[in-house]
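Enquirer: Residues per chain are reported as follows:
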Amino acid sequence: MSTTIDGTTAHAWITEFTRTFTHAQQRLTDLDRLAGDGDFGTNIASALRRVDNILPATADATYRTVFTAASLGFLGTGGTSGPLFGMWFRHVARSGNDSATLSELTDGVASGLATVQYLGGAKVGDNTMIDALAPAADALKDAAASHLSIAEALEKAALAGRSGALSTGDLIAKRGRASYVGELARGVLDPGAVTIALFFEAGATVTGSSQLWPELGTEVTTQ
Amino acid sequence: MSTTIDGTTAHAWITEFTRTFTHAQQRLTDLDRLAGDGDFGTNIASALRRVDNILPATADATYRTVFTAASLGFLGTGGTSGPLFGMWFRHVARSGNDSATLSELTDGVASGLATVQYLGGAKVGDNTMIDALAPAADALKDAAASHLSIAEALEKAALAGRSGALSTGDLIAKRGRASYVGELARGVLDPGAVTIALFFEAGATVTGSSQLWPELGTEVTTQ
Amino acid sequence: MSTHRQFINQPDHVISEALEGLAATYPHLLALDASASLISRVHPAHEKVGLVSGGGSGHEPLHAGLVGTGMLDVAVAGAVFASPTAQQVHAGTTLADGGAGVLQIVKNYTGDVLNFQIAAELAADDGTMVESVLVDDDLASDSENDGPGRRGTAAVITVEKICGALAEQGADLPTIAAVGRNVVARSRTLALTLDGCTHPGEISPAFTLNANEVEFGVGIHGERGTGRIPFAAADALTEQLVTPLVESLGLKTGQPVIAIVNGLGGTYPLELSIIARRMHEVLRGRGITVARSLVGSYVTSLDMHGVSITLTAADDNLIAGWDAPVRTPTLTW
Amino acid sequence: MSTHRQFINQPDHVISEALEGLAATYPHLLALDASASLISRVHPAHEKVGLVSGGGSGHEPLHAGLVGTGMLDVAVAGAVFASPTAQQVHAGTTLADGGAGVLQIVKNYTGDVLNFQIAAELAADDGTMVESVLVDDDLASDSENDGPGRRGTAAVITVEKICGALAEQGADLPTIAAVGRNVVARSRTLALTLDGCTHPGEISPAFTLNANEVEFGVGIHGERGTGRIPFAAADALTEQLVTPLVESLGLKTGQPVIAIVNGLGGTYPLELSIIARRMHEVLRGRGITVARSLVGSYVTSLDMHGVSITLTAADDNLIAGWDAPVRTPTLTW
Ligand SMILES: Nc1ncnc2c1ncn2[C@@H]1O[C@H](COP(=O)(O)OP(=O)(O)O)[C@@H](O)[C@H]1O
Ligand SMILES: Nc1ncnc2c1ncn2[C@@H]1O[C@H](COP(=O)(O)OP(=O)(O)O)[C@@H](O)[C@H]1O
Ligand SMILES: [Mg+2]
Ligand SMILES: [Mg+2]
Ligand SMILES: [Mg+2]
Ligand SMILES: [Mg+2]
Numbered sequence: 001m002s003t004t005i006d007g008t009t010a011h012a013w014i015t016e017f018t019r020t021f022t023h024a025q026q027r028l029t030d031l032d033r034l035a036g037d038g039d040f041g042t043n044i045a046s047a048l049r050r051v052d053n054i055l056p057a058t059a060d061a062t063y064r065t066v067f068t069a070a071s072l073g074f075l076g077t078g079g080t081s082g083p084l085f086g087m088w089f090r091h092v093a094r095s096g097n098d099s100a101t102l103s104e105l106t107d108g109v110a111s112g113l114a115t116v117q118y119l120g121g122a123k124v125g126d127n128t129m130i131d132a133l134a135p136a137a138d139a140l141k142d143a144a145a146s147h148l149s150i151a152e153a154l155e156k157a158a159l160a161g162r163s164g165a166l167s168t169g170d171l172i173a174k175r176g177r178a179s180y181v182g183e184l185a186r187g188v189l190d191p192g193a194v195t196i197a198l199f200f201e202a203g204a205t206v207t208g209s210s211q212l213w214p215e216l217g218t219e220v221t222t223q
Numbered sequence: 001m002s003t004t005i006d007g008t009t010a011h012a013w014i015t016e017f018t019r020t021f022t023h024a025q026q027r028l029t030d031l032d033r034l035a036g037d038g039d040f041g042t043n044i045a046s047a048l049r050r051v052d053n054i055l056p057a058t059a060d061a062t063y064r065t066v067f068t069a070a071s072l073g074f075l076g077t078g079g080t081s082g083p084l085f086g087m088w089f090r091h092v093a094r095s096g097n098d099s100a101t102l103s104e105l106t107d108g109v110a111s112g113l114a115t116v117q118y119l120g121g122a123k124v125g126d127n128t129m130i131d132a133l134a135p136a137a138d139a140l141k142d143a144a145a146s147h148l149s150i151a152e153a154l155e156k157a158a159l160a161g162r163s164g165a166l167s168t169g170d171l172i173a174k175r176g177r178a179s180y181v182g183e184l185a186r187g188v189l190d191p192g193a194v195t196i197a198l199f200f201e202a203g204a205t206v207t208g209s210s211q212l213w214p215e216l217g218t219e220v221t222t223q
Numbered sequence: 001m002s003t004h005r006q007f008i009n010q011p012d013h014v015i016s017e018a019l020e021g022l023a024a025t026y027p028h029l030l031a032l033d034a035s036a037s038l039i040s041r042v043h044p045a046h047e048k049v050g051l052v053s054g055g056g057s058g059h060e061p062l063h064a065g066l067v068g069t070g071m072l073d074v075a076v077a078g079a080v081f082a083s084p085t086a087q088q089v090h091a092g093t094t095l096a097d098g099g100a101g102v103l104q105i106v107k108n109y110t111g112d113v114l115n116f117q118i119a120a121e122l123a124a125d126d127g128t129m130v131e132s133v134l135v136d137d138d139l140a141s142d143s144e145n146d147g148p149g150r151r152g153t154a155a156v157i158t159v160e161k162i163c164g165a166l167a168e169q170g171a172d173l174p175t176i177a178a179v180g181r182n183v184v185a186r187s188r189t190l191a192l193t194l195d196g197c198t199h200p201g202e203i204s205p206a207f208t209l210n211a212n213e214v215e216f217g218v219g220i221h222g223e224r225g226t227g228r229i230p231f232a233a234a235d236a237l238t239e240q241l242v243t244p245l246v247e248s249l250g251l252k253t254g255q256p257v258i259a260i261v262n263g264l265g266g267t268y269p270l271e272l273s274i275i276a277r278r279m280h281e282v283l284r285g286r287g288i289t290v291a292r293s294l295v296g297s298y299v300t301s302l303d304m305h306g307v308s309i310t311l312t313a314a315d316d317n318l319i320a321g322w323d324a325p326v327r328t329p330t331l332t333w
Numbered sequence: 001m002s003t004h005r006q007f008i009n010q011p012d013h014v015i016s017e018a019l020e021g022l023a024a025t026y027p028h029l030l031a032l033d034a035s036a037s038l039i040s041r042v043h044p045a046h047e048k049v050g051l052v053s054g055g056g057s058g059h060e061p062l063h064a065g066l067v068g069t070g071m072l073d074v075a076v077a078g079a080v081f082a083s084p085t086a087q088q089v090h091a092g093t094t095l096a097d098g099g100a101g102v103l104q105i106v107k108n109y110t111g112d113v114l115n116f117q118i119a120a121e122l123a124a125d126d127g128t129m130v131e132s133v134l135v136d137d138d139l140a141s142d143s144e145n146d147g148p149g150r151r152g153t154a155a156v157i158t159v160e161k162i163c164g165a166l167a168e169q170g171a172d173l174p175t176i177a178a179v180g181r182n183v184v185a186r187s188r189t190l191a192l193t194l195d196g197c198t199h200p201g202e203i204s205p206a207f208t209l210n211a212n213e214v215e216f217g218v219g220i221h222g223e224r225g226t227g228r229i230p231f232a233a234a235d236a237l238t239e240q241l242v243t244p245l246v247e248s249l250g251l252k253t254g255q256p257v258i259a260i261v262n263g264l265g266g267t268y269p270l271e272l273s274i275i276a277r278r279m280h281e282v283l284r285g286r287g288i289t290v291a292r293s294l295v296g297s298y299v300t301s302l303d304m305h306g307v308s309i310t311l312t313a314a315d316d317n318l319i320a321g322w323d324a325p326v327r328t329p330t331l332t333w
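Chains as they are written, first to last, in this note's numbering: chain A, 1 to 223; chain B, 1 to 223; chain C, 1 to 333; chain D, 1 to 333.
This list has only true hints and no planted wrong ones.
Derived contacts from chain C toward chain D, CB cut-off under 8 Å, selection only:
1. V14
2. E17
3. L22
4. A24
5. T25
6. A211
7. F231
8. D235
9. T267
10. L270
11. E271
12. S273
13. I274
14. R277
15. V295
Chain C stretches covered by chain B per the calculated footprint, using a threshold of three residues with CB under 8 Å from any CB of chain B:
16. 82-92
17. 102-114
Everything labelled a hint here was simulated from the structure, so no lab data went into it. The beta-carbon is built from N, C-alpha and C at its ideal position, and this holds for glycine as well.
Using the sequences and the hints given, assemble the complete structure.
Expert: Below, the structure is given as structure tokens:
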């Protein structure tokens, strides 16, 4: 079991994330349609195409070049999520070089989170990607403090991200949307938060986790 | 019987012309509506208002100042007839000074006619004011050659102008308008030509003619 | 539901109020004689040939927006689409005379021609030297018959610019008039529109079109064009304007042109840029160089949603006149 | 019968084609980087603070038409009404850097703010000094709540003009940014429209009004305003724009202002002049002097048939900045 994330792993991580996102794209667009303007899937898919175009070949890949490509791809995308993901990836990328240790990754994720919160002004509970990203970042920190392996740490981050994403289904109801969609709102997860969970799940998968990650947000009830 | 047209006579002439035109205005507008765009009455009436505003008081009037006022009033008016009448009056005005002899008036009318033909490019038979103005100018020339009085000369000019104006009713039919209005076109006189006749009739009246001048163009059949 | 309301007070006051607004906006450039609807340079030029133009209103920024150093001395405004009177044009011609004579630049319309010609005579009687350039660039109104001839449209900008430059440089009246006539001879314009224009105070346009039609060969007085062509993409419509111009002017490979892509009032900047792009492509494809160009709404027809393209076969002298400094509300360089 | 067809090819190509057309029209002023939708000066300035602005398209001639000496160094174009991406703005910010840092001029819209802020961070990471002026002049979107704040509209012209002048004169970045913020603080805009605008490729406008209604308090993205007021004569409507501006800015007798009477795309010159005339009257009646003004379509909302008025409480320094030479496609003096 490797103690760092090298270029090959990072490359595999982004590739797996792209695969699972593509699988979920329509579902996430539907979620954005229910609570936003319905362009989420298109925005992220176009970012991922852009990432794919500039992703280094596996042989040349380093941790930093892979996540820098991710950052640039997202920063070249419209919508709110594009630039925020882009800045988050930028901090992730800059936390390592050829490869990153768990503690470097943890620092990158945390400082990316701080930037996204600074730029977007959202806190946990505001029903955004922050609701998944903040618990995932905390889980990584705990894992690093407990000297867990990278694979274990990413699995914990993924689980924390999932439950954070799931919490947004309730949040909507809590914050008054129930007044016009009532129980239908249950399960309308924030697509940005789900995407964060997908990202960490992909990381866990490529570092050897045997968890199965059931689809999030399938119970969505279209209005 | 005076041998010249002095300021008082000129003033009376313009005043009488304004009176008879005003009486005929609606009729002439109707004629323009049948063969043109229906603004003839409005155009000339606004010119005459402008003339009235700048007409010298009877006491100060000279032949030249009266017809210069007429010229300026018409030159300050839109449409085709305004500027053409304005230039015609200009030549009339410049043919005399304090007063004008018949031969001076005759020269002024002729050179005004030449200018109107130069500017407008119309010949006799083209169904314009020229159809009345050319015979009136010829009549004045004959009268001057025969040493008639101004009153007699103006009466002959008016009669020539009338029959020229009347000829335009047939001309329209001749020139093919009959193809779609048929016999209805008979009697649709050119309003500019009628106005020329009115002008010389007014001159005859104020110099002592006892002719009655029946209305021209009343037989108009609206389409 | 009305889509043709306008920002006006009374239809009769439109021109006088607009001239007041214009003069108030450019106090450093323009002076207004409200009684004769004349706009002139606030600092009249002397010892140079004066340039006067004008015509019906509704074509703004033409002509008042082109008064200033290097272009017109005086612009005379008629009512909407109606010639100014001979008296107004006479006053404007007199005002434009700085001692070296006056060039009248006249778009070919019966009323304008008549009133400018009369004004020229009146001014000549006063002792002013006057010459006239008749602008008749509209290819759509070209005809074998002896009618009124081709209408005068957007090439008037090119004529005013180049004659204005010569006047500023001290050229004499016959020279400037000859150059002006040369510019006219080398210029043609074609226009089309997607909608008729609406007169101030009216609530519906002068004509309407079906969704699959374009009115081709329109002038600048809201009148119908010479025919209807199928609606198509901007590129195809642009080609239908450019190609006949190139052919009519007999433009050959290597010929430089001055081009004006002119919105008719209701066409917005993105559209004009897209049309300009295609004009460049079409001309480039024929080896014709766009030496200079304007893209904007310069000679309008109230709020008409249409476009005209004007090409002038240029040479070094004309380009030098075009490039000479100009300082007016609408053109400044 | 459709009245909302447009001169375009494909909706997706509108911006790239229009930028190409613009660059082809002003080859002596503008350079185009088509891949990032950037328009920059063809002769980049050095040793001065660079000015970059941009935002969604559909507001032409803003911003690309204001690139040139004395105004912007770079304009970044997004899709119609959509912010350019952070990467585009980053590229634009880098391009604008002539060694003395870059001022970003940003209209207050969430997407623009986000992407310009990110671009500023990216550029700062590269070693570029960046400051930002947020333009939020739209009085209609003023609110006590902590929402996104007032929208940024036509005062961006005033900010770009005055900051551009300072940059050209060699002022340093903090000074220019402070003046820019001061201009914003002294500026307010209000807009109304007679019709909604129509997106390229659509055949009907974003909203429609009854003949007796005017949409009041609109922004520049085709959105509805804050309310509807009765249709009235131009004079009365103008007053309803001017009076709240005067009051909100607390303008007193003797205060000079810089004013922009701005057409929103489908408003034609006669209308704008009539509105300008009344603005002068209303301000004169309150003892306020229009020191300088622009009247034209500068910050549009596609083909919207509306108007905005912007007032900036001026002083001698701001007027000097306004008067400083400028040479761009849209403004030149
Ligand atoms: N202020 C914010 N901070 C963090 N994330 C946000 C913020 N606003 C929106 N998001 C995220 O962006 C997602 C929507 O992205 P997208 O559809 O691309 O943007 P837009 O809302 O501009 O259409 C939301 O699901 C949410 O997770
Ligand atoms: N070329 C011309 N030469 C002489 N008179 C003309 C000419 N054209 C028109 N007219 C005269 O002008 C009259 C029409 O005047 P008016 O209605 O004021 O002008 P418009 O035709 O511009 O509406 C006609 O009745 C005719 O007598
Ligand atoms: Mg969305
Ligand atoms: Mg969106
Ligand atoms: Mg008529
Ligand atoms: Mg008429």
